[in-house]
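Visitor: Protein chains in written order, with the numbering used here: chain A, 1 to 279; chain B, 1 to 279.
Hints may be right or wrong, so weigh each one.
[To be verified] Heads up, simulated DSSO-like pairs for lysine-lysine below, C-alpha to C-alpha not over 30 Å straight-line:
{"hint": "1", "chain 1": "B", "residue 1": "K101", "chain 2": "B", "residue 2": "K128"}
{"hint": "2", "chain 1": "A", "residue 1": "K36", "chain 2": "B", "residue 2": "K101"}
{"hint": "3", "chain 1": "A", "residue 1": "K105", "chain 2": "B", "residue 2": "K128"}
{"hint": "4", "chain 1": "B", "residue 1": "K254", "chain 2": "A", "residue 2": "K101"}
{"hint": "5", "chain 1": "B", "residue 1": "K254", "chain 2": "A", "residue 2": "K128"}
{"hint": "6", "chain 1": "A", "residue 1": "K105", "chain 2": "B", "residue 2": "K101"}
{"hint": "7", "chain 1": "B", "residue 1": "K128", "chain 2": "A", "residue 2": "K35"}
{"hint": "8", "chain 1": "A", "residue 1": "K101", "chain 2": "A", "residue 2": "K35"}
{"hint": "9", "chain 1": "B", "residue 1": "K36", "chain 2": "B", "residue 2": "K105"}
{"hint": "10", "chain 1": "B", "residue 1": "K105", "chain 2": "A", "residue 2": "K27"}
{"hint": "11", "chain 1": "A", "residue 1": "K105", "chain 2": "B", "residue 2": "K16"}
{"hint": "12", "chain 1": "A", "residue 1": "K27", "chain 2": "B", "residue 2": "K16"}
{"hint": "13", "chain 1": "A", "residue 1": "K254", "chain 2": "B", "residue 2": "K16"}
{"hint": "14", "chain 1": "B", "residue 1": "K36", "chain 2": "A", "residue 2": "K35"}
{"hint": "15", "chain 1": "B", "residue 1": "K35", "chain 2": "A", "residue 2": "K36"}
{"hint": "16", "chain 1": "A", "residue 1": "K128", "chain 2": "A", "residue 2": "K16"}
{"hint": "17", "chain 1": "B", "residue 1": "K128", "chain 2": "A", "residue 2": "K101"}
{"hint": "18", "chain 1": "A", "residue 1": "K105", "chain 2": "A", "residue 2": "K128"}
{"hint": "19", "chain 1": "A", "residue 1": "K27", "chain 2": "A", "residue 2": "K16"}
{"hint": "20", "chain 1": "B", "residue 1": "K16", "chain 2": "A", "residue 2": "K101"}
{"hint": "21", "chain 1": "B", "residue 1": "K36", "chain 2": "B", "residue 2": "K128"}
Honestly, the hints are just simulated from the structure, not real lab data.
Number of protein chains: 2
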Amino acid sequence: MTLPRRLRMSGAMARKIITGYSNPTIKFVRSLRDKKHRRREERFLAEGLRLLTDAREGGRLPEILLMASGRDEHPLLSDLEQAVVESGGDVIEVPTDILAKVTGKDNPQAVAGVYAEWDTGLSTIDRKAAPIWLVVQAMRDPGNLGTMLRTADAVGAGGLILLDDCADPFSVEAVRASMGAIFTQRLAQARWAEFQEWLRQGEGQLVAASLRDAQPYRGAPYAAPCFVMVGNESRGLPEEYEMACDLRVTMPMKGRADSLNAAVAGAVLAYEVLATLEG
Amino acid sequence: MTLPRRLRMSGAMARKIITGYSNPTIKFVRSLRDKKHRRREERFLAEGLRLLTDAREGGRLPEILLMASGRDEHPLLSDLEQAVVESGGDVIEVPTDILAKVTGKDNPQAVAGVYAEWDTGLSTIDRKAAPIWLVVQAMRDPGNLGTMLRTADAVGAGGLILLDDCADPFSVEAVRASMGAIFTQRLAQARWAEFQEWLRQGEGQLVAASLRDAQPYRGAPYAAPCFVMVGNESRGLPEEYEMACDLRVTMPMKGRADSLNAAVAGAVLAYEVLATLEG
Numbered sequence: 001m002t003l004p005r006r007l008r009m010s011g012a013m014a015r016k017i018i019t020g021y022s023n024p025t026i027k028f029v030r031s032l033r034d035k036k037h038r039r040r041e042e043r044f045l046a047e048g049l050r051l052l053t054d055a056r057e058g059g060r061l062p063e064i065l066l067m068a069s070g071r072d073e074h075p076l077l078s079d080l081e082q083a084v085v086e087s088g089g090d091v092i093e094v095p096t097d098i099l100a101k102v103t104g105k106d107n108p109q110a111v112a113g114v115y116a117e118w119d120t121g122l123s124t125i126d127r128k129a130a131p132i133w134l135v136v137q138a139m140r141d142p143g144n145l146g147t148m149l150r151t152a153d154a155v156g157a158g159g160l161i162l163l164d165d166c167a168d169p170f171s172v173e174a175v176r177a178s179m180g181a182i183f184t185q186r187l188a189q190a191r192w193a194e195f196q197e198w199l200r201q202g203e204g205q206l207v208a209a210s211l212r213d214a215q216p217y218r219g220a221p222y223a224a225p226c227f228v229m230v231g232n233e234s235r236g237l238p239e240e241y242e243m244a245c246d247l248r249v250t251m252p253m254k255g256r257a258d259s260l261n262a263a264v265a266g267a268v269l270a271y272e273v274l275a276t277l278e279g
Numbered sequence: 001m002t003l004p005r006r007l008r009m010s011g012a013m014a015r016k017i018i019t020g021y022s023n024p025t026i027k028f029v030r031s032l033r034d035k036k037h038r039r040r041e042e043r044f045l046a047e048g049l050r051l052l053t054d055a056r057e058g059g060r061l062p063e064i065l066l067m068a069s070g071r072d073e074h075p076l077l078s079d080l081e082q083a084v085v086e087s088g089g090d091v092i093e094v095p096t097d098i099l100a101k102v103t104g105k106d107n108p109q110a111v112a113g114v115y116a117e118w119d120t121g122l123s124t125i126d127r128k129a130a131p132i133w134l135v136v137q138a139m140r141d142p143g144n145l146g147t148m149l150r151t152a153d154a155v156g157a158g159g160l161i162l163l164d165d166c167a168d169p170f171s172v173e174a175v176r177a178s179m180g181a182i183f184t185q186r187l188a189q190a191r192w193a194e195f196q197e198w199l200r201q202g203e204g205q206l207v208a209a210s211l212r213d214a215q216p217y218r219g220a221p222y223a224a225p226c227f228v229m230v231g232n233e234s235r236g237l238p239e240e241y242e243m244a245c246d247l248r249v250t251m252p253m254k255g256r257a258d259s260l261n262a263a264v265a266g267a268v269l270a271y272e273v274l275a276t277l278e279g
């Protein structure tokens, strides 16, 4: 399923109206819910006026803008439509039920967009651009990935670095859970060895929650740029990764369990780092 | 779909082997993935040896214990089987693929159990039993509910109180995300008016993250028993609820967004309360 040539090539545009689910463009957009297609097309799907507005303010415009035909008018949406047209993108009006099928949501937002993915190499990261960076290793749940991006935004982090085999940050679920932070946070993907090499080429304190030889997470000597790392949802971090950290900290576990949800652990730790760095 | 009489009545038992997916007991168990059936039967499904062991240590045994036929032997599982038999429950061995269909998971745990739900009235809560209680209002995501239970366990809370129309805490997703805390934390469900009346009959500080007339969340005068409340995933708390709080606190939001994932916000706040109460 590739984007129909007619659409891909269109420069000057008028708003198109598509009412059939079997339309090739609709099929193309819907195919982006599937990782295999996303990877091949290097395109992904985001939904909701707020997300699309965040994207635009972050410098990203959709190549295809889908709008539900029964939507309420909104000045931000008119502006967005105008910007998409001016950038040579396509604007398509579809019935609400088609938008629901495209996004896989019963109550779809009134608008969705197809975006080009971007370079997620470590070289795109300027570590001095922010005091905190979040790092996840083999995080498998796209909702958790999106939540980490959202948390990164909230603590003023620079971005999220994905190590090893994580879920796809461009999946519909991750994009949704990020609440727009996918567009405003830097995003990098790397293997552990590559990350280590990159990290040690400059300043940077690698911190992880750990039970091994760890100090209390409150009052630990966090230092910027601080890389806060959490591991896989069920296995946590490999021992080798923990031992490579500059700082291992432990959070109180008062109950029966010895771990928190990974995205929760990352957030509690990141907020502690923020409080320390801000003094 | 009700539990077949033969099974319901069985006291003395031998381990049964069921190989057919259309078997009434299997159909009954599978029906518990559906909220309507759970509500009618007042039974729910939990999976995994760790959860079932937590349940047992929390005083709860399954009425039906399902074990995959190809499972590894484990002393905890043998003990559990013995306990279920002694309590008059049923032990059923099924092929792994049937267990997968029952739990809806591609890689099912080797064991699952059917449990009776319990009374979740506010009157079952002894507020003095713990320094922290978590409260959620209209939380719609069962994964978030389970995560809140898991966080409650970690901070040494007494339990989780669900206000208004929340997701079902006995859903497979919530039980799974709770990592066993569903069995060890107290669980109450109430409407707001009822909760307020109950809360004000005794000691208790109601705290919420808020942007209205709030003080910084660090250094706020938290006091036990502290009820940490978070709201609906998209709407947050109604203004009336926030204004009824004893303490409104605000967390730094350094980025573009003005909110965190609800379960994340609850956890960051709960850990801050814990640190304050422990001085």
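Visitor: Each hint needs a verdict: does it hold in this structure or not?
Guide: Each hint tested on the structure:
1. Under the criterion of a C-alpha separation no larger than 30 Å, the hint pairing B/K101 with B/K128 is inconsistent with the structure, at around 42 Å.
2. With a CA separation close to 26 Å, the supplied pair A/K36 and B/K101 stays within the 30 Å bound.
3. A C-alpha spacing of about 43 Å is found between A/K105 and B/K128, which places the hinted pair above 30 Å, so the restraint is violated.
4. As the CA atoms of B/K254 and A/K101 are separated by approximately 35 Å, the hinted pair breaks the 30 Å bound.
5. For the proposed pair B/K254 and A/K128, the alpha carbon gap of about 17 Å is at most 30 Å, so the pair holds.
6. A distance of roughly 24 Å separates the Cα atoms of A/K105 and B/K101; the hinted pair therefore holds under the 30 Å criterion.
7. Distance restraint check for B/K128 and A/K35: the Cα-Cα separation of roughly 50 Å exceeds the 30 Å cut-off, and the hinted pair is therefore not satisfied.
8. Between the alpha carbons of A/K101 and A/K35 the distance comes to roughly 17 Å, so the proposed pair stays at or under 30 Å and holds.
9. The straight-line distance between the Cα atoms of B/K36 and B/K105 is roughly 20 Å, inside the 30 Å bound, and the hint therefore holds.
10. For a cut-off of 30 Å, the pair hint linking B/K105 to A/K27 stands: about 28 Å separates their Cα positions.
11. A distance of roughly 42 Å separates the Cα atoms of A/K105 and B/K16; the hinted pair therefore is violated under the 30 Å criterion.
12. This hinted pair does not check out: A/K27 and B/K16 have alpha carbons roughly 49 Å apart, beyond 30 Å.
13. Our distance criterion of 30 Å between C-alpha atoms is broken by A/K254 and B/K16, whose separation comes to about 39 Å.
14. As the CA atoms of B/K36 and A/K35 are separated by approximately 33 Å, the hinted pair breaks the 30 Å bound.
15. For the hint linking B/K35 to A/K36, the alpha-carbon distance of about 33 Å lies beyond 30 Å, and the restraint is violated.
16. Among the hinted pairs, A/K128 with A/K16 is inconsistent with the structure: their alpha-carbon atoms are about 45 Å apart, more than 30 Å.
17. Restraint check for B/K128 and A/K101: the C-alpha separation of about 50 Å exceeds 30 Å, so the hint is violated.
18. As the CA atoms of A/K105 and A/K128 are separated by approximately 39 Å, the hinted pair breaks the 30 Å bound.
19. Between A/K27 and A/K16, the direct Cα distance comes to roughly 15 Å. Compliance with the 30 Å bound is thereby established for this hinted pair.
20. With a C-alpha separation of about 44 Å, the suggested pair B/K16 and A/K101 falls outside the 30 Å cut-off, and the hint is violated.
21. A threshold of 30 Å between alpha carbons decides the hint, and for B/K36 with B/K128 the separation of about 34 Å lies outside it, so the pair is violated.
Hints 1, 3, 4, 7, 11, 12, 13, 14, 15, 16, 17, 18, 20, 21 from the list above are not met by this structure, while the remaining hints are.
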